[in-house]
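S.K.: These are the residues of each chain, in order.
2 protein chains.
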Amino acid sequence: MNEEYKNKWISQLKKGTLPFIVLSVLRRNTYYGYDLINEIKKLTDIVIAEGTLYPLLVRLKNENLVSHSWVEQESGIPRKYYQITEEGKNTLNAMKDYWTYINNTIQSI
Amino acid sequence: MNEEYKNKWISQLKKGTLPFIVLSVLRRNTYYGYDLINEIKKLTDIVIAEGTLYPLLVRLKNENLVSHSWVEQESGIPRKYYQITEEGKNTLNAMKDYWTYINNTIQSI
DNA sequence: AAAAACACATTGTTATACTATGTAATTTGT
DNA sequence: ACAAATTACATAGTATAACAATGTGTTTTT
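Going down the list, the sequences are from chains A and B.
Going by the UniProt record's numbering, the first residue of the first sequence is number 1, and it counts up by one from there.
Going by the UniProt record's numbering, the first residue of the second sequence is number 1, and it counts up by one from there.
By construction, these hints were calculated from the structure, which means they are not laboratory data.
Watch out, some of these pointers could steer you wrong.
If chains are identical, the list can't say which one is meant, so a pair holds when it fits in one copy or spans any two.
Claimed, not checked - Below, a list of computed lysine-lysine pairs in the DSS-like style, where the Cα atoms sit at most 25 Å apart:
#1 Lys8 <-> Lys89
#2 Lys80 <-> Lys14
#3 Lys15 <-> Lys89
#4 Lys61 <-> Lys15
#5 Lys14 <-> Lys89
#6 Lys42 <-> Lys8
#7 Lys41 <-> Lys96
#8 Lys42 <-> Lys89
#9 Lys14 <-> Lys41
#10 Lys8 <-> Lys61
#11 Lys14 <-> Lys96
#12 Lys6 <-> Lys89
#13 Lys15 <-> Lys96
#14 Lys42 <-> Lys61
#15 Lys42 <-> Lys96
#16 Lys15 <-> Lys41
#17 Lys14 <-> Lys61
#18 Lys41 <-> Lys61
#19 Lys6 <-> Lys61
Please build the complete structure, drawing on both the sequences and the hints.
M.R.: Below you can see the structure in the form of structure tokens.
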């Protein structure tokens with residue numbers, strides 16, 4: 001078993017799965033970045049580095065798949081809450097379909 | 001629906017799925033590069049560019065997941081046939097496990 | 001004879017995960 | 001009361017990989 005290759009592969013696999021997972025989680029609720037990391041860790045055991053998530057959220061925002069709004073806190077720093085857009089929901093559905101297709105394909109080989 | 005983003009996403013998803021698919025196909029049989037492209041197209045409808053596959057096969061070779069041997073043809077250019085190694089089979093099994101895990105996770109969100 | 005297909009390969013471009021680092025407020029531990 | 005850890009945002013640099021474009025030479029089809 002080539003453990004090192006497997007780890008590198010998992011990192012590459014994340015390039016496809018992370019946007020998918022983030023959008024899926026944001027369809028359930030709104031979250032701010034730092035919280036998303038913890039929520040995804042809790043839900044999936046997948047650890048996302050901050051240096052991965054923040055740029056990813058910026059990209060999703062630029063693509064109009066999510067929007068954000070700053071929310072003041074009673075104490076502490078304001079939080080940037082992200083919500084999925086209609087376009088985000090539709091795109092997520094298409095991604096879901098493709099995922100199902102690729103999963104079936106892989107299982108059949 | 002953001003079609004452009006979806007296509008970009010599929011391209012990123014391939015970074016995880018292609019090595020997995022190539023190893024899976026090579027577990028069934030030996031193939032040479034050019035033939036692999038057609039075989040995978042036939043099996044999965046996924047189109048792999050030559051500029052993607054050849055470097056991928058080089059990487060898998062460098063990681064000892066596959067080996068290759070030149071086979072002379074009665075007519076035409078010799079073909080470089082690839083076969084999966086024991087290490088390749090074991091790594092593929094580990095990849096399969098991780099894939100199952102990530103698929104279950106995504107379905108559950 | 002020309003065009004298409006076969007079969008290998010590399011170069012340049014673009015996208016993205018991850019490490020390291022930075023800033024600043026707040027909370028916890030002693 | 002002070003130090004350390006946590007919360008919360010973000011960016012810069014590095015490594016990896018898909019893909020288009022291009023290249024070489026042979027063989028088959030039209």
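S.K.: Evaluate each hint against the coordinates.
M.R.: Here's how the hints hold up against the structure:
1. Taking identical chains as interchangeable, the C-alpha atoms of Lys8 and Lys89 lie at most 25 Å apart only when they sit on different chains, with a minimum of 17 Å there against 30 Å within one chain.
2. With identical chains, the CA atoms of Lys80 and Lys14 are at most 25 Å apart within one copy only, with a shortest distance of 24 Å there and 31 Å across copies.
3. Both within a single protomer and between protomers do Lys15 and Lys89 lie at most 25 Å apart by alpha-carbon distance, with minima of 19 Å and 24 Å respectively.
4. Within a single copy, Lys61 and Lys15 get their C-alpha atoms as close as 17 Å, and across copies as close as 23 Å, so both meet the 25 Å cut-off.
5. Taking the closest pair of Cα atoms, Lys14 and Lys89 come within 25 Å of each other both inside a single copy (20 Å) and across two copies (22 Å).
6. Only within a single protomer do Lys42 and Lys8 lie at most 25 Å apart by alpha-carbon distance; the minimum there is 23 Å, versus 28 Å between protomers.
7. In this assembly of identical chains, the alpha carbons of Lys41 and Lys96 lie at most 25 Å apart whether taken from the same copy (21 Å) or from different copies (21 Å).
8. Taking the shortest Cα distances, Lys42 and Lys89 sit within 25 Å of each other inside one copy (23 Å), while across copies they are farther apart (32 Å).
9. Taking identical chains as interchangeable, the C-alpha atoms of Lys14 and Lys41 lie at most 25 Å apart whether they share a chain (14 Å) or sit on different chains (24 Å).
10. Only between protomers do Lys8 and Lys61 lie at most 25 Å apart by alpha-carbon distance; the minimum there is 15 Å, versus 27 Å within a single protomer.
11. For the homomeric pair Lys14 and Lys96, the shortest alpha-carbon distances inside one copy (15 Å) and between copies (15 Å) are both at most 25 Å.
12. Proximity of Lys6 and Lys89 under a CA criterion of 25 Å is satisfied inter-copy only: 12 Å between copies versus 32 Å inside one chain copy.
13. Taking the closest pair of Cα atoms, Lys15 and Lys96 come within 25 Å of each other both inside a single copy (15 Å) and across two copies (18 Å).
14. Taking the closest pair of Cα atoms, Lys42 and Lys61 come within 25 Å of each other only inside a single copy of the chain (24 Å); across copies the shortest separation is 37 Å, beyond that limit.
15. In this assembly of identical chains, Lys42 and Lys96 lie within 25 Å of each other by CA distance both inside one copy and across copies; the values are 21 Å within and 23 Å between.
16. In this assembly of identical chains, the alpha carbons of Lys15 and Lys41 lie at most 25 Å apart whether taken from the same copy (17 Å) or from different copies (23 Å).
17. Taking the shortest alpha-carbon separations for Lys14 and Lys61, both the intra-copy value of 19 Å and the inter-copy value of 23 Å come in at or below 25 Å.
18. For a Cα distance limit of 25 Å, the shortest separation of Lys41 from Lys61 inside one copy, 22 Å, qualifies, whereas the shortest one across copies, 34 Å, does not.
19. In this assembly of identical chains, the alpha carbons of Lys6 and Lys61 lie at most 25 Å apart only when taken from different copies (14 Å versus 31 Å within one copy).
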